[in-house]
Amino acid sequence: MSLRKSISLYIRYAAICVRSIMEYKLSFGLMIFGRCMIAFTEFLAIRFLFDGLTEIKGYTYGDVLLCFSVMHMAFTLAELFGNGFKVFSGIVKSGEFDRMLLRPCSPILQIMGTRFEIGRTGPLITSTITLCIGIAESKVSWNLLTALTLALMIVGATFLFIGLYMLGASFCFFTIEDTSILNALTYGAKEHGKYPIDVYGRGVLRFCTFVIPYTLVQYYPLQFLLGRSTNRVLGLYPVGVVVFLAICYGVWCAGVRNYKSCGS
Amino acid sequence: MITMEHVCKSYKVAKRKAGLSEVCKSFFRREHEVIHALKDVSFSIKEGEMVGYIGPNGAGKSSTIKILSGILTPDSGTCTVDGRIPWKNRTEHVKQIGVVFGQRSQLWWDIPVIDSFELLKEIYSVSKENYNRKLEELTELLQLSEILKTPTRQLSLGQRMRCEVAASLLHEPRILFLDEPTIGLDAVSKLAVRDFIKKMNREHKTTVILTTHDMQDIEAIAERVILIGKGQILLDGTLQDLRNAAIGETADAPENAGNITIGAGVSDEESLGAQSGINLDHVMAALYKKLDIM
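First to last, the sequence lines map onto chains A and B. FYI, the numbering for the first sequence is 1 to 264, going by the numbering used here. FYI, the numbering for the second sequence is 1 to 294, going by the numbering used here.
Incorrect hints may appear among the rest.
[Unchecked claim] Heads up, simulated DSS-like pairs for lysine-lysine below, C-alpha to C-alpha not over 30 angstroms straight-line:
hint	chain 1	residue 1	chain 2	residue 2
1	B	Lys-46	A	Lys-260
2	A	Lys-260	B	Lys-134
3	A	Lys-260	B	Lys-17
4	B	Lys-149	B	Lys-46
[Unchecked claim] Cβ-to-Cβ under 10 angstroms is the rule here; a few derived chain B residues that face chain A:
hint	residue
5	Ser-62
6	Ile-114
7	Asp-115
8	Thr-150
9	Gly-158
It is worth saying that the hints were derived from the structure and are not from the lab. Quick reminder that beta carbons are idealized off the backbone N, C-alpha and C, glycines included.
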């Protein structure tokens, strides 16, 4: 199936999700508002922290806000598009995955399409606002290269989270049950990813480089972005997520081959 | 059209006894049991045939359907459908088949049925002319015009099932798999679905494979019956062969035998159908017991 056809199909799937949710308008409105507020309190936590501090390990309020916004936005985008992987055990248990395999298009497209989470636009609004504040507050010298770095960080982190969700979903093929181990990694990363990872010390930095490559999208490009390093290559580090994504995809494919279906 | 040769499929199932302490124990040491869902299953089906695939719960019916439709990969054996290996050429294969799971819906819950159909049209890349023509035909035969604009969640089971059948035929598949299509339906809907399936077979030469526990379905639709029990094919023939087998098997219980004796005063066609249906259930029950496949 051609890429154009796939994209148009994805949009149709997503449109149906949106319409389904719109059937329940009040619930939709409350959900957007609620999620907006949750994200906003996280921002407030950082705001109040910096009332008493001027900087953490050399990072100013603006720097941290930039880092927080990038990770938060990426996490939200990943939930917006990759929610299907997050709830994949339910898809398997209800037999919906059987049905997906009966369609002449990619199961990945269907999983991402049928669980398009429009409600995540709530926190997306919040993180866009905090990103703007972060950009205004931090003393980044903006040019084409730094702008590209920021964009790469957001896109890279989004794919990193989606990759993690996919990895978690792959485990369902082997256990059928939900595996929360990956939630520890994604939510954990979202939580401690608010601050540049080196504030947690060397150990965490290593873990986040060699086990789950968060530093590729956060710590290293941030060094270049904030002018702490002049090495321009650091700004391109988020591209490395492609390797991680390829590994996740490999595990996913192995999982699909191992698929056992369930009940009738 | 369809051939299955020496197909085996087994599942590993975790086992534990009831009780909280057992749950804790199983956390550290899991005991597994291998269940052989299919053991050396072979059969072939010609184009345009209508086959009833029957057997008790857990006999391996669904596993067979899942292998034939490309969802599952068998452990061993070969299987070709229309020259393709289902699980290898999945995308090509599924374009040629339609599957109805009586217990699961393929329609989108919150949107009108017609919107689900429109999406299916895109998924299967059906051209506009073909889609319109087919939709018109299905709407007329299954009497869908009243319900197409209703969201799926507001349909009755019978209405929904008619829509399910229509949804699985929009792309004009050559093979139709029906997994318990009449489960839970009222008499009118059952008859409508049965008549429709027969019509499809007559007019489009659609090959139909039907699994069901409703023996009246089998009687109404299937020209050929394949009986599976404990993962093995036990009988492959006509419904009469099945009756004969049961009579032979139930010689010691003649009151349950398959000869259709019509009670006095029962003459109209409806009750004749019901009568023979009850008898068929007895036939099956006796046969399952005798063959020891429960």
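(request) Go through the hint on Ser-62(B) and say holds or violated, using the shortest Cβ distance to chain A against 10 angstroms. (result) holds (4 angstroms)
- Was the hint right that Ile-114(B) lines chain A, CB cutoff 10 angstroms? Violated: closest Cβ of chain A sits about 12 angstroms from Ile-114(B), beyond 10 angstroms.
Exercise. Using 10 angstroms as the Cβ threshold, decide whether Asp-115(B) counts as touching chain A.
Key: Cβ of Asp-115(B) sits 7 angstroms from chain A, so the hint holds.
Worksheet entry | Restraint check for Lys-260(A) with Lys-17(B), where alpha carbons must lie at most 30 angstroms apart | holds (23 angstroms)
Subject >> Hinted contact Gly-158(B) with chain A - closest CB pair below 10 angstroms >> reply: violated (21 angstroms)
request  = Decide if the proposed pair is consistent with the structure: Lys-260(A) and Lys-134(B), CA atoms, cutoff 30 angstroms inclusive.
outcome  = Status violated; Cα separation ~34 angstroms.
Can the hint on Thr-150(B) be confirmed by a CB-to-CB distance to chain A that is less than 10 angstroms?
-> Interface hint status for Thr-150(B): violated (13 angstroms vs cutoff 10 angstroms).
What's the verdict on Lys-46(B) and Lys-260(A), does the C-alpha distance respect the 30 angstroms limit or exceed it? Status holds; Cα separation ~28 angstroms.
Original post:
Would the pair Lys-149(B) and Lys-46(B) pass a check requiring their Cα atoms to be no farther apart than 30 angstroms?
Top reply: Given that 30 angstroms is the threshold and the Cα spacing comes to 38 angstroms, the pair is violated.
In summary, the numbered hints that this structure violates are 2, 4, 6, 8 and 9.
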